[in-house]
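In case you want the letters, here they are:
Protein chains: 2
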Amino acid sequence: MPDSQDSDVLIVGAGPAALFAIFQLGLYGLRCHVIDGLDRAGGQCVVLYPDKPIYDVPGFPEINGSELIERLLRQAAPFEPLFTFGCAVVDLTSDAGGEWLARLDDGSQARGDYVVLASGLGLFNLPPDGSAADADLGAGPISDWPLERSRGAIVVDPGTFETSRPGLFAIGDACDYPGKVKLILSAFHEAALATQEIRRRAAGGKKSPVEYTTASRRIRESLGRT
Amino acid sequence: MPDSQDSDVLIVGAGPAALFAIFQLGLYGLRCHVIDGLDRAGGQCVVLYPDKPIYDVPGFPEINGSELIERLLRQAAPFEPLFTFGCAVVDLTSDAGGEWLARLDDGSQARGDYVVLASGLGLFNLPPDGSAADADLGAGPISDWPLERSRGAIVVDPGTFETSRPGLFAIGDACDYPGKVKLILSAFHEAALATQEIRRRAAGGKKSPVEYTTASRRIRESLGRT
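Line order of the protein sequences matches chains R and P. Under this note's numbering, think of the first position of the first sequence as 1, with each following residue one higher. Under this note's numbering, think of the first position of the second sequence as 1001, with each following residue one higher.
Worth flagging that the hints you see were computed from the coordinates, not collected in a lab. One should not assume that every hint holds.
Pairwise CB distance ranges, derived in the manner of DEER restraints [to be verified]:
id: 1; chain 1: P; residue 1: Gly1029; chain 2: R; residue 2: Asp6; range: 48 to 56 Å
id: 2; chain 1: P; residue 1: Gly1159; chain 2: R; residue 2: Arg111; range: 29 to 37 Å
id: 3; chain 1: R; residue 1: Phe85; chain 2: P; residue 2: Ser1108; range: 17 to 25 Å
id: 4; chain 1: P; residue 1: Gly1098; chain 2: R; residue 2: Asp91; range: 35 to 43 Å
Glycine is no exception: its CB is placed at the ideal position from the N, C-alpha and C atoms.
Whenever a hint applies, use it, and build me the whole structure from the sequences.
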């Protein structure tokens, strides 16, 4: 019987989109398990441009990939994410109750109520292309689903960043929608809006006001600041 | 005859959305004129929480409003925006050729090819509510247009951030679309996507690939880095 770890949200990929999703979901009490094939966090930022200056991260006239990742990790740290590095997701399955099971290539398993694909398309075998209308929304492994695609990425609703599969979200370079530009700053927005939808679902569909970090005592306490 | 200043893009408001729009538009050679009723840049950040910690700006585990604004001003500085502070926009008019004229309350005027409303709704008198279908798309002052509204803000296309009025964009707290959350980080995304649409229009509708700051020599040179 393989190991299995439970969390609220499984995040596939550990680049900037994933790291900011940990933080956003953490603000609302949702704990994440992040799985990445690399041996550390950072995705393209640490593989392609660890020392190369990036000029368009808002508020940073210049920053390199390594420093950005280090800062995003520090921002997410209060929410104590679980990281599994050096493992690929071999398959994702949802059961009839909507719970997700990820099988990893080391034989372990991970469970979550929601899945956020933040893999930049680099991580695992995508299912065949198909339209939302064709999608079989029953239970089963992701490789059997005709997820809607566009421009080499997965089509999402730009208000929620959910794919054509309920409970499966995609953010960062893994997602496509009208106007999509593959910018790190857009991935942050995508993570924030996916979080609001996951939070609404987790509350049984009940919509609650956004809580602002400048004003919410609950959030300040969850960050260890009082 | 009043003073009149020309620029590519008129930006109404000088908060974080506006400052990052200057930077994004500057990356593509578009020069901005920013007009704000306050005596300095920053909008809500400097009025409501100059010294209060904000925890959800990506990459900043903690930052206050003043420091964020100072950093965004530094990031935008290479593109030499024109700032007009302490002036309200009394009216905006577009002529038949699509050029925009803003009349300010000090009697001066400003002209631009496009307008970005980034005013957080605080700055000037909005036109009456109305649906896009009702909108009179002819020339004339903004106060005569029934701009489509929702939740107290102006409805935009979330792929371009254009309002129901061609050439008039809205970002930050001034805009609404499905899923909209009033977060500073979303305003950055909105500024980036509006920029891509303005850039496409400025090129006569021709779409060009996004240029990445990590890879584009032209952008590095425009930022004074080589």
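Now the hints, each set against the structure:
1. P:Gly1029 <-> R:Asp6: 48 to 56 Å: holds, 51 Å
2. P:Gly1159 <-> R:Arg111: 29 to 37 Å: Holds - the Cβ-Cβ distance for Gly1159 (chain P) and Arg111 (chain R), about 35 Å, lies within 29 to 37 Å.
3. R:Phe85 <-> P:Ser1108: 17 to 25 Å: Violated, since Phe85 (chain R) and Ser1108 (chain P) (Cβ atoms, about 58 Å apart) do not stay within the stated range.
4. P:Gly1098 <-> R:Asp91: 35 to 43 Å: Given range 35 to 43 Å: violated, Cβ gap about 53 Å.
Hints 3 and 4 from the earlier list are contradicted by this structure; the remaining hints agree with it.
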